[in-house]
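Number of protein chains: 2
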Amino acid sequence: MTIEVGALNWVPEPARGYVKDFRVRWALKEAGLDYKVDLIGMGEASAPAYRARQPFGQVPVYRDDEVDLFESGAIVLHIAARSDALAPRDPAGWARTTAWVFAALNSVEPVAFWLMDLRREASTTQAEQARLARAQDRLKTRLDSLSNWLAGRLWLERDVFTAGDLMMTAVLRELRDDDLLTAYPDLVAYTERGLARPAFQAALAEQLADFVPDP
Amino acid sequence: MTIEVGALNWVPEPARGYVKDFRVRWALKEAGLDYKVDLIGMGEASAPAYRARQPFGQVPVYRDDEVDLFESGAIVLHIAARSDALAPRDPAGWARTTAWVFAALNSVEPVAFWLMDLRREASTTQAEQARLARAQDRLKTRLDSLSNWLAGRLWLERDVFTAGDLMMTAVLRELRDDDLLTAYPDLVAYTERGLARPAFQAALAEQLADFVPDP
Numbered sequence: 117m118t119i120e121v122g123a124l125n126w127v128p129e130p131a132r133g134y135v136k137d138f139r140v141r142w143a144l145k146e147a148g149l150d151y152k153v154d155l156i157g158m159g160e161a162s163a164p165a166y167r168a169r170q171p172f173g174q175v176p177v178y179r180d181d182e183v184d185l186f187e188s189g190a191i192v193l194h195i196a197a198r199s200d201a202l203a204p205r206d207p208a209g210w211a212r213t214t215a216w217v218f219a220a221l222n223s224v225e226p227v228a229f230w231l232m233d234l235r236r237e238a239s240t241t242q243a244e245q246a247r248l249a250r251a252q253d254r255l256k257t258r259l260d261s262l263s264n265w266l267a268g269r270l271w272l273e274r275d276v277f278t279a280g281d282l283m284m285t286a287v288l289r290e291l292r293d294d295d296l297l298t299a300y301p302d303l304v305a306y307t308e309r310g311l312a313r314p315a316f317q318a319a320l321a322e323q324l325a326d327f328v329p330d331p
Numbered sequence: 117m118t119i120e121v122g123a124l125n126w127v128p129e130p131a132r133g134y135v136k137d138f139r140v141r142w143a144l145k146e147a148g149l150d151y152k153v154d155l156i157g158m159g160e161a162s163a164p165a166y167r168a169r170q171p172f173g174q175v176p177v178y179r180d181d182e183v184d185l186f187e188s189g190a191i192v193l194h195i196a197a198r199s200d201a202l203a204p205r206d207p208a209g210w211a212r213t214t215a216w217v218f219a220a221l222n223s224v225e226p227v228a229f230w231l232m233d234l235r236r237e238a239s240t241t242q243a244e245q246a247r248l249a250r251a252q253d254r255l256k257t258r259l260d261s262l263s264n265w266l267a268g269r270l271w272l273e274r275d276v277f278t279a280g281d282l283m284m285t286a287v288l289r290e291l292r293d294d295d296l297l298t299a300y301p302d303l304v305a306y307t308e309r310g311l312a313r314p315a316f317q318a319a320l321a322e323q324l325a326d327f328v329p330d331p
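Residue numbers (the numbering used here), protein chains in the order written: chain A, 117 to 331; chain B, 117 to 331.
The hints are simulated quantities; they were obtained by calculation from the structure and are not laboratory data. Just so you know, not all the hints are guaranteed correct.
Computed, partial: chain A to chain B, Cβ under 8 Å [claimed, not checked]:
{"id": "1", "residue": "A163"}
{"id": "2", "residue": "G189"}
{"id": "3", "residue": "S199"}
{"id": "4", "residue": "A201"}
{"id": "5", "residue": "P204"}
{"id": "6", "residue": "A208"}
{"id": "7", "residue": "W230"}
{"id": "8", "residue": "L231"}
{"id": "9", "residue": "M232"}
{"id": "10", "residue": "R235"}
{"id": "11", "residue": "E237"}
{"id": "12", "residue": "L297"}
{"id": "13", "residue": "A299"}
In silico lysine-lysine, DSSO-like type, Cα no more than 30 Å apart, as pairs [to be verified]:
{"id": "14", "chain 1": "A", "residue 1": "K136", "chain 2": "B", "residue 2": "K152"}
{"id": "15", "chain 1": "B", "residue 1": "K152", "chain 2": "A", "residue 2": "K256"}
{"id": "16", "chain 1": "B", "residue 1": "K256", "chain 2": "B", "residue 2": "K152"}
{"id": "17", "chain 1": "B", "residue 1": "K152", "chain 2": "B", "residue 2": "K136"}
{"id": "18", "chain 1": "A", "residue 1": "K152", "chain 2": "A", "residue 2": "K136"}
{"id": "19", "chain 1": "B", "residue 1": "K145", "chain 2": "A", "residue 2": "K136"}
{"id": "20", "chain 1": "A", "residue 1": "K152", "chain 2": "A", "residue 2": "K256"}
Derived list of chain A stretches under chain B, where covered just means 3 residues or more per stretch with a C-beta under 8 Å from a C-beta of chain B [unchecked claim]:
{"id": "21", "region": "132-141"}
{"id": "22", "region": "144-154"}
Where a beta carbon is used, it is the ideal one built from N, C-alpha and C, also for glycine.
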């Protein structure tokens, strides 16, 4: 099977290692599947030809002999459905894997991004500070829940790493060094377990090596 | 097959008809599957017994003979995998359906919620106004993309309604009457096509009828 992943050939420094094709590369390496990366420029990603594949002009896109796909969550699930390395094969185990992929992308990541966005500018008025406090509380509530869930577990579904862990640790990694996350040593340890995986390390090195030098 | 959906027995008025079990009820009605609704109070949703099923203390939860599941995205995909009414059966068509479910939940909904949250308080300082403008631009960019994609299409994947349309119109519906959405008559018309479906109407009536009176 020929697999092609579309990624950007350049992003600003802070985004390197975090662009979402990273999650797809990680999944493919966990699954042991070979693939080819098509690098495109940011201008190309906005052009109509690319938008016929990715309506929002984002990366990644993915193509194999069967499907032409966008949205990293959907791509990772598609890969997971084809590999024992990313999800149990029984219906119950598969369904739980999908639940955690959605939980990472819909219940945790937006709440974290929201807070990060608020923090980009100082909150000076009382209303702004109330908004910031609300965003912090919202994230803290989610991290509390996750920490409670993980008590005594290696991965979200006990001893087996799944695509759900891939997505959840990829999301938590974006909070690395943040006080809100470091208040939970168990969540830090869980994230580090994800980041220590050889497939993670290989995917990270590969994405970083694919960027062209700054113009 | 016995299907049970867990939902709240009461929420404040503005949330009625929007609580996320609504999306699951809609999917089940599109699929023509019978189910039973378990109504719980908000206190019960925070209790450890419930959190063993739903780690974040949210609704909905879902159970059938095979799976015990949370996250409405995952539940709707699980139902879609069991019904011709919500997704094509071929791998390519199925994959596209999952892409749109993720697009609705990860690329559109968080951007909309972000803006709604910012609007809850007046933006008075220059920094706040810049943040609000940024959030509006971000949503406008997504709506532009979606509007371009939908040109000449009845549903996201041309003539066939899928779970992706269910999720996308459920998300756009939350922007109903908002100037940002009404600037796109095609997106309004698309949303209304979703809302006009008998399964949508039946699910809405059912959720509203399930709430107990205000205390």
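Hint check:
no., hint, verdict
1, A163, "violated, 12 Å"
2, G189, "holds, 4 Å"
3, S199, "violated, 15 Å"
4, A201, "violated, 19 Å"
5, P204, "violated, 12 Å"
6, A208, "holds, 5 Å"
7, W230, "holds, 6 Å"
8, L231, "violated, 11 Å"
9, M232, "violated, 11 Å"
10, R235, "violated, 11 Å"
11, E237, "holds, 4 Å"
12, L297, "violated, 17 Å"
13, A299, "violated, 18 Å"
14, K136/A / K152/B, "violated, 39 Å"
15, K152/B / K256/A, "violated, 33 Å"
16, K256/B / K152/B, "violated, 39 Å"
17, K152/B / K136/B, "holds, 16 Å"
18, K152/A / K136/A, "holds, 16 Å"
19, K145/B / K136/A, "violated, 34 Å"
20, K152/A / K256/A, "violated, 39 Å"
21, 132-141, "violated (count 0)"
22, 144-154, "violated (count 0)"
This entry does not satisfy hints 1, 3, 4, 5, 8, 9, 10, 12, 13, 14, 15, 16, 19, 20, 21 and 22, going by the numbered hints stated previously.
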